[in-house]
Each structure stands twice: as structure tokens, then as C-alpha cells.
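Asks: Below are the chains, spelled out letter by letter.
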Amino acid sequence: MSTSDSEPAILDERMLMETAGDSIEEATNLAGMFHSLTSAAFADMRTAVARGDFDEVRRLAHRTAGSAAACGLMRLATALRTLELQGIGDGNANHLDRAEREFERASAALSEFVSREGHS
Amino acid sequence: MNGVGAVGRRILLVDDDPFIISLYVSKLKRAGLEVEAVANGEEALRRLEAVRPDMVILDLNMPKLNGIEVLKQIRSTPALESLPVLVLTNVCSDSVMRETWEARPTRYLIKRETPPNVVIDEVLALLKTVTPATAEKPAAPVATAGRPAAEPVPETPWQPEIMARAGEVLDARSTEGFQSALSAFRTLAEPFLKRCRQQSAGSFAVLFAEALDALVAELLGHPENATPSLLRAFEMSVERLHSMFDPAPFIPGRPLEPAIALVVASDDFLRDSIGRLLERVVLRPIRAGREDVGLHLMRENTFKLAVVDAAAPEEYLENIHALPPAAQCPLILITAPEDYRPTQKPGLERLAKPISSTDLMVKALLLSERL
Chain A
1 MSTSDSEPAI LDERMLMETA GDSIEEATNL AGMFHSLTSA AFADMRTAVA RGDFDEVRRL
61 AHRTAGSAAA CGLMRLATAL RTLELQGIGD GNANHLDRAE REFERASAAL SEFVSREGHS
Chain B
1 MNGVGAVGRR ILLVDDDPFI ISLYVSKLKR AGLEVEAVAN GEEALRRLEA VRPDMVILDL
61 NMPKLNGIEV LKQIRSTPAL ESLPVLVLTN VCSDSVMRET WEARPTRYLI KRETPPNVVI
121 DEVLALLKTV TPATAEKPAA PVATAGRPAA EPVPETPWQP EIMARAGEVL DARSTEGFQS
181 ALSAFRTLAE PFLKRCRQQS AGSFAVLFAE ALDALVAELL GHPENATPSL LRAFEMSVER
241 LHSMFDPAPF IPGRPLEPAI ALVVASDDFL RDSIGRLLER VVLRPIRAGR EDVGLHLMRE
301 NTFKLAVVDA AAPEEYLENI HALPPAAQCP LILITAPEDY RPTQKPGLER LAKPISSTDL
361 MVKALLLSER L
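Taken in sequence, the protein lines are chains A and B.
The first sequence: position 7 = 7 (our numbering), numbered continuously.
The second sequence: position 99 = 99 (our numbering), numbered continuously.
Keep in mind the hints are simulated off the structure, nothing from the lab.
Wrong hints could be hidden among the right ones.
Calculated Cβ distances over 12 Å to all of chain B for the following chain A residues [what the hints assert, rightly or not]:
1. T38
2. T47
3. G52
4. L96
5. A108
6. S115
Calculated lysine to any residue pairs in the SDA-like style (CA-CA distance at most 20 Å, straight line) [claimed, not checked]:
7. K27(B) to T28(A)
8. K353(B) to P342(B)
9. K64(B) to A41(A)
10. K64(B) to T28(A)
Predicted model only: the values in this text are computed from it and were never measured.
Just so you know, even glycine gets a beta-carbon here, dropped at the ideal spot from N, CA and C.
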């Protein structure tokens, strides 16, 4: 049995396919849409930080965490949840930076999955 | 599930996440539904009158006006009071769940825990069974605290023979002896159960009488189904029946206050079925499909009851017992029939597969007792 203390997967492929109704075409569409919308959300979070609107950062983090979980991107979802609950933090514990790094990993995992499954 | 009976019905989808909107608009339309999506609570209230939806799918955490406020306004508007509202959110903190349930949603699903196809099935099922014109109002929360005043003392005196017949049921060695003792038990208990049925709808007394009726009917009609798990439910019922007379006659006849329960089961159908049965005993189920999420929810929230179907039930039980005491709640642990054994621990009951609805409802009602 897995527990919440263990490191979640970058991409839970089963969950992504479940969301996509077991259609690789749908999964590809979802991956593309997720990447595009989440890139915009991170840009909005940076803008919100610049104007000191930390409530907006939390709201966007909450929203994006839900999308990430629906796509099976559990580590990104966890990082966004931390950002939502603890705020951006600072220095080595900058939760916004960490979430963005997880987003890069998540994007790479989605691309790899789509490429692999799309050709199989 | 197909969309027969739901085709062409209108859904108002309220969510501030464009990804979720895009995902669900596509799936709902594919299921034959008409969908209008809005991104905040204010817009939702504005559109309700124009769209006149058959159902609302509502996020909670939104800008301008949050989902709880939208739900409260819907329920306080006579024309919309019975409109089905399915809350679909990632917010699952104890306080928010309670506040949301007090606002009377029709369903409460956790987004990250509920695959979209399950959400769509839920929407279609609700549309087929509930319409705004005839929607059954959810039980209203009752603001009373503590033990309510006793209802009129039952005129029927407690009969020690009831316990004797119940003992014979549990000790029966033959089908004939079992059925004979059970029939006698039912006859002796009936006057009191009749008094129970006369109490307010949704009260413990009514639910208890209905559950015991169903349990006895199942045991009489199908004595081959008298598994140790089902007999344990009968034993619990008899103990509770006796306690209504001892130390003083007392019928809990006021409507139960809805309480939140957790269902942990990876099987979508089982999770949904358990949830529906819990709703029948005025519990509001939060469903978790993953065991680790179930533990996480139990650690962070206070549930009146948890029903768990785990891959390794005893190991999962150890994990629950490792939680802080405050996080532990009454528990029904679903087990394989060969692993079933009676439990001696208060607040813990086992329930053997295949699940009997009466077994589950009796144990859920008694373990989550709210007086």
C-alpha cells in the first residue's frame, strides 16, 4: 500500500488515461491544453507576486493543483498544494520556484508519454 | 451508464479553472447534455434564471463569490430550492465540508478523487432520478445540540422474552429453530418498532425500525444468508433495542443531524454503492478512491464514520490506529468472508463481502449514532 509519505509519481499514466476515457487522442489533447493553460497560470502567478497579490497566487495554485491532479501529475499537484497552503516562501523554500520546476518535469513527462503512446 | 432520460437536459457548470471547464464541457456534451459554463459565483447566479438548468455542477473556491455562497443563495430561493447541485471541488477541509453540507448540496465529490467518467455517471444518474419539480429535499440540518428530550415513553413495556428469543436466534443450530426464534422475536418486538416508525421522518427511531425490519426480513426470507457478519448486525440491533428501555424508556424520535462519513474503496461501483447506502441513514459521504488519500483525509478531518474496503484490511487498520487519537473515528472494515471475525474493539466493526445493504446500513446507523 502506498502512503502519503512516499514520493508521488511525476506522471500517473493510469490516472491520465482514466481522465481521458482511455483515449490516447484525448490524452494528447488534454496534455496540450494543460501545458498551455498552466504556463499561463504560472505567468499570472509571477505577475501577482510582482504586485503583492498573494491571495491571487494561492487561488491560482489551488486551481492549477486540481488540473494537475486530473492529469495524473501528482508531484506538481503536491507542490502547488504546498504553494497554496504555505504561500510562496523564500530562499531555498521558495514554493513558487519549486512548483515551476515540477511543472517543467511534468511537461517533459507528458511529452514523453504522448510521444511514446502516440506511436505505439 | 448511458444518457437515456438525460439527453437534452441543461447543466450549468461553475468553475474558475479553464482546464476543468474544457474537460467537462466536452464530456457532458458527449453524454448528450446541454452545457453552459461560467467562471465565478456571481456569473452563476446571474445565469441561473436565464439558463434554467436541470442541474448545477459547482466548484467551491472561486473568485468574486465562492461556491458555498452560491449554494446558500440557491437553497434560499423558493424556485431553486430543490435544484440538484453537485459540488465538485478539491477543497476537503473539515470546516469547509461541514459548511458546505449545511448548505445542502445534492452531492459532494472531490475532483482529484473522482475520475471524470464517474462524475458524468453521477450527473446522469441524478438527472434520471431527481428533477427540480419533484426533487426530494435533503434532510435539513437540525440545530439542536446534545441529547434531545425523550419522546413520549413507549406504552409497550420491555419484554425480557425479546432478549431470550434473540439469544435463540443467535444460538440456533437448525434452520427451523432459527426461523422459529426469529419469527417470535419479530412478533414480540413489533409493538415497540411500530412506535418507532411513528416518530419523525429521518429520526434514529424510524431508521432503526426500518433497518431492523429489513434485516429480519432478509434473515427470514433467506436463512442461508445468515452469515456471521449479518448475525453480528442483528446482535448489535438487539443490544440497541434493549438500550432504548434501559436505564429508562427512550425513543430517539427527532430527525438526525446529517454527518459526514468517509468511504475508501478503489472500486468505483462499490464506492458509489456504499455512499448511496450511507445517505439513507443521513450520512453525507466523502468518497476516496485511493487508500493513501483516505488516510490523509482521516488524519486531517473528523468523520462520524469511515467505511473502508482496503486491499490489505488489517494492515490498513494498523495505519489508521497509528493516526492521532483525535483523528480516529468509528470504522467499518470490509473483509473477505473467510477473513471475517467479530471484533471486540468499540467503534470497530467488520463487514464481510458480498456486502449486504442491510448489514451495512445497520452497522453504519449504530456506529455513527447521533443523539
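Asks: Please list, smallest to largest, the hint numbers that this structure does not respect.
Replies: 1 and 10
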